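Could you build the full structure based on these sequences and the hints that come with them?
In order, the protein sequence lines correspond to chains A, B, C and D.
Numbering-wise (full-length UniProt numbering), the first sequence opens with residue 1 and increments by one.
Numbering-wise (full-length UniProt numbering), the second sequence opens with residue 1 and increments by one.
Numbering-wise (full-length UniProt numbering), the third sequence opens with residue 1 and increments by one.
Numbering-wise (full-length UniProt numbering), the fourth sequence opens with residue 1 and increments by one.
No wet-lab data here; the hints were simulated from the structure.
Possibly wrong hints are sitting among the right ones.
All copies of an identical chain are treated as equivalent in the list; a pair is satisfied when it fits inside any one copy or across any two copies.
Said to hold, decoys possible - Derived pair list, reagent style SDA-like, types lysine to any residue, alpha-carbon separation capped at 20 Å:
no., residue 1, residue 2
1, K202, T55
2, K68, L7
3, K202, H22
4, K146, L246
5, K146, Q107
6, K146, G118
7, K68, E101
8, K96, V216
9, K146, F120
10, K259, L234
11, K259, G232
12, K96, R224
13, K259, A186
14, K68, V30
15, K146, K202
16, K202, L217
17, K9, V238
Here the structure is a predicted model, which means the values were calculated and not measured.
Protein chains: 4
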Amino acid sequence: MDFIPVLDKGFVRLVEVMGGDHSIVQAARVSYGPGTKTVREDRALIDYLMRHRHTSPFEMVEFKFHVKAPLFVVRQWFRHRTASVNEISGRYSVLKEEFYEPELWRQQAGKNKQGSEGAFPDEEADGLLRQVEEVAYAAYQALLQKGVAREMARMVLPLNLYTEFYWKQDLHNLFHFLTLRLAPEAQWEIRQYARAIAEIVKAHVPMAWESYEEHVLGGQSLSRTELMALRGLLTPEVYEKALRELGLPESRVREALEKLFGGPPRP
Amino acid sequence: MDFIPVLDKGFVRLVEVMGGDHSIVQAARVSYGPGTKTVREDRALIDYLMRHRHTSPFEMVEFKFHVKAPLFVVRQWFRHRTASVNEISGRYSVLKEEFYEPELWRQQAGKNKQGSEGAFPDEEADGLLRQVEEVAYAAYQALLQKGVAREMARMVLPLNLYTEFYWKQDLHNLFHFLTLRLAPEAQWEIRQYARAIAEIVKAHVPMAWESYEEHVLGGQSLSRTELMALRGLLTPEVYEKALRELGLPESRVREALEKLFGGPPRP
Amino acid sequence: MDFIPVLDKGFVRLVEVMGGDHSIVQAARVSYGPGTKTVREDRALIDYLMRHRHTSPFEMVEFKFHVKAPLFVVRQWFRHRTASVNEISGRYSVLKEEFYEPELWRQQAGKNKQGSEGAFPDEEADGLLRQVEEVAYAAYQALLQKGVAREMARMVLPLNLYTEFYWKQDLHNLFHFLTLRLAPEAQWEIRQYARAIAEIVKAHVPMAWESYEEHVLGGQSLSRTELMALRGLLTPEVYEKALRELGLPESRVREALEKLFGGPPRP
Amino acid sequence: MDFIPVLDKGFVRLVEVMGGDHSIVQAARVSYGPGTKTVREDRALIDYLMRHRHTSPFEMVEFKFHVKAPLFVVRQWFRHRTASVNEISGRYSVLKEEFYEPELWRQQAGKNKQGSEGAFPDEEADGLLRQVEEVAYAAYQALLQKGVAREMARMVLPLNLYTEFYWKQDLHNLFHFLTLRLAPEAQWEIRQYARAIAEIVKAHVPMAWESYEEHVLGGQSLSRTELMALRGLLTPEVYEKALRELGLPESRVREALEKLFGGPPRP
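Laid out in structure tokens, this is it:
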């Protein structure tokens with residue numbers, strides 16, 4: 001399951017991994033030393049690290065992917081700077097005639113300026129896209145045949161052209177990438193890549209993934225005012241009871257109560 | 001107010017700032033273009049960026065500090081890698097006889113393995129500390145007088161020795177530094193430095209600070225299970241009413257409801 | 001001179017600078033302390049830092065630019081990760097019909113697979129380019145009119161489309177950017193942007209620029225074997241004489257001799 | 001050979017590696033595509049990448065070390081920011097009574113303000129060091145026994161105390177670390193660690209190491225003026241002959257001549 005097709009012609013392929021859940025534990029135990037050697041099991045330690053945002057042990061796991069994606073997706077992807085990357089160079093090689101052609105077209109969202117909503121088939125739109133591809137790729141080839149340098153000729157190619165790259169990133173930064181790119185605000189196309197990566201990551205570091213899902217991906221940041229509103233509507237007792245009923249262990253119940261009802265005041 | 005004494009002999013001094021609240025707005029408007037030129041005021045735009053974790057515009061403001069702090073504080077400080085730093089070198093110069101001497105001693109916390117609690121004066125402890133300082137600095141001077149290289153002689157000096165450094169960091173990463181170092185889990189001494197920096201930052205980017213305080217510093221990350229517990233205890237109506245009573249604007253009320261009661265499902 | 005037109009429709013504009021030559025000196029003096037306070041003048045200190053690759057004081061100066069450039073240039077530019085950036089988003093705004101149209105076309109280089117050579121006008125090539133632009137932009141508008149989301153519609157646009165962004169980077173990393181992008185191997189178009197940035201940087205940190213030109217930009221890295229060949233062809237005496245005749249100060253002559261004829265052996 | 005003792009009580013131990021020489025080639029081939037598939041062998045490709053400073057493929061190899069070193073060495077080490085690190089925390093655990101005790105003492109260098117020269121045994125100096133260790137560690141224990149928090153008590157400990165940490169870094173950044181820390185200007189103690197790391201790296205990526213040694217470690221950066229002096233003393237013919245006699249292949253001879261006698265002019 002380390003090769004996952006994405007969109008119409010793209011993919012995510014796992015090339016290599018360094019470490020796993022055990023590497024997170026191993027690095028954390030160096031930091032916390034004999035002091036934690038006792039009862040705490042690996043799963044509990046990883047969960048502790050995740051919910052207290054002790055991020056450095058998660059940097060000790062490294063993933064390397066081979067990805068094929070359209071240029072407009074890659075432009076979003078490479079905004080993440082904490083990674084290593086090698087991409088096909090259009091200066092060295094003639095770029096292949098491979099374009100992303102969506103099955104459905106999404107509508108411009110009304111309220112949300114950056115988003116889209118709904119999705120519909122539209123043959124006319126398909127035709128417009130295909131026409132651009134054909135005119136552009138024909139121009140690309142004509143320029144090359146004239147002897148124009150590849151580095152110049154490529155500028156006629158549209159942003160739905162496929163490219164390929166290697167992507168190497170540690171688990172902490174990969175989680176950050178996923179948080180942003182699995183979010184509903186992310187563009188649908190990059191979300192499909194994020195889902196493929198998520199599937200691979202989950203399979204290789206199941207404990208870290210579980211904690212990530214519980215505390216980050218499935219969690220929410222509440223503002224001071226939102227916490228204040230909740231505080232006015234609930235008592236600690238009723239919240240504590242509800243948390244226990246959901247099976248939270250003692251230490252997590254205590255932490256949850258502290259978040260809502262206090263604990264050491266912030267400066 | 002750009003020079004703030006910290007601990008017994010340390011300080012934080014602002015050397016230079018590049019930009020301010022207006023630079024955040026300026027950079028954001030490049031990204032979002034004419035699409036946002038309309039009604040949104042600066043304060044609202046900054047708040048939107050902060051609560052949706054659009055962090056790049058905050059990188060457009062840069063602070064440079066001159067800091068004097070004990071070595072054990074500096075060791076924690078320099079774990080932050082997204083900054084530029086120049087520190088006094090004990091290879092080039094003879095280090096001065098200046099040591100941090102706390103007014104009060106804090107007790108080892110019971111449950112929390114990394115923490116401390118309570119604080120008490122203790123002349124015996126003061127004496128132990130001073131004895132180490134004297135023996136160590138005398139040895140340092142004796143080694144130098146023997147002609148031992150400065151780079152070697154310095155290894156007898158204890159971790160409460162004061163050092164000085166320049167620290168340059170952008171506002172996004174500075175907020176991250178503050179979030180970690182103002183937290184109650186941070187060691188008391190570095191928290192005093194964080195508070196001094198916070199005071200300076202607040203004075204120079206008041207709008208960004210206000211949003212940071214509301215959404216990050218004064219906020220909390222709730223896990224999936226905690227959200228589930230809350231969801232079982234409240235109705236959207238009662239929560240909405242409480243949020244409105246606290247004066248939240250319409251768009252923020254909508255967002256708050258979405259966080260707790262849904263909105264587009266995560267993949 | 002802080003706005004420089006580049007290519008047919010692009011530009012580089014300086015938005016803000018933090019610090020200057022004096023900031024490099026100021027930060028270096030913290031590191032080296034009273035030990036260097038004596039005779040060394042600013043220019044000599046900056047030159048010393050540059051040629052010994054003491055890079056951290058150069059990080060203490062920060063530049064912020066506003067740039068307008070074609071997408072294929074921006075794709076190369078953003079491979080530099082040690083900077084902060086905000087770019088126009090095609091998800092928020094309708095992108096303008098502005099394309100890079102070269103005056104001359106460059107020929108594919110023979111030996112050098114990534115390069116180009118020669119340059120010629122070619123009306124047919126101009127026509128091919130313009131045809132792609134027209135078909136692509138018409139398709140973009142038609143898709144938008146159909147209600148297709150901006151984030152999708154933009155994928156028909158070609159890589160010679162102009163975009164704009166803010167770019168903030170410290171001087172050390174900016175020098176690194178310039179070294180790579182002023183090099184003859186860099187694509188001609190990005191070299192024009194690098195030259196514009198170089199002009200601005202030179203005007204704001206003239207001393208640092210002078211040292212950068214002498215030791216990095218105008219210098220060369222010689223391999224062990226190349227050094228060995230030179231060593232076999234020259235005597236220290238003859239080289240020393242030549243260096244002196246070019247006006248090098250004593251300390252630099254000594255360093256130059258050490259590079260070629262030895263000095264402390266590497267491990 | 002993946003565990004190497006360093007100094008009197010320290011060590012460098014390889015924990016994990018991701019990839020090897022083949023990973024550099026693999027990533028480079030993605031970038032340069034079919035265009036380079038032909039004749040170039042792996043060794044030649046790696047050497048090409050190294051001497052043209054195409055650094056990104058070297059980022060595709062990752063090393064993780066476990067290191068035990070004195071605090072003053074670690075303070076220098078952690079100035080490198082492009083790595084991941086987990087260190088023993090003196091807040092969680094009681095630090096062990098282990099101190100670096102040098103066999104020989106080095107003399108303060110005369111001209112070079114940061115350096116040392118000569119080395120001599122000195123029992124008096126040994127005694128001074130040992131006295132500081134004893135007084136400091138006794139004070140540490142006494143403070144702990146009084147109930148003082150570990151995070152405070154540790155501040156009496158001197159900089160020759162040993163600590164341990166995990167260090168994860170990619171090969172490109174590791175080479176940069178080695179270039180700085182194998183240099184004769186680096187402090188002798190950290191140089192011993194760099195040598196141990198160099199030995200391990202060399203064994204795992206022999207081809208990359210060979211190129212690194214030829215082009216970086218054993219090479220030198222010559223300034224514009226130094227190149228000018230050489231140009232005045234040699235003819236291309238005589239230099240070419242000497243290069244050939246040392247067995248340089250054709251393409252490298254051409255590049256070497258270009259560095260000294262021209263080639264495309266810099267802007």
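Contradicted hints - numbers only: 4, 8, 12, 15, 17
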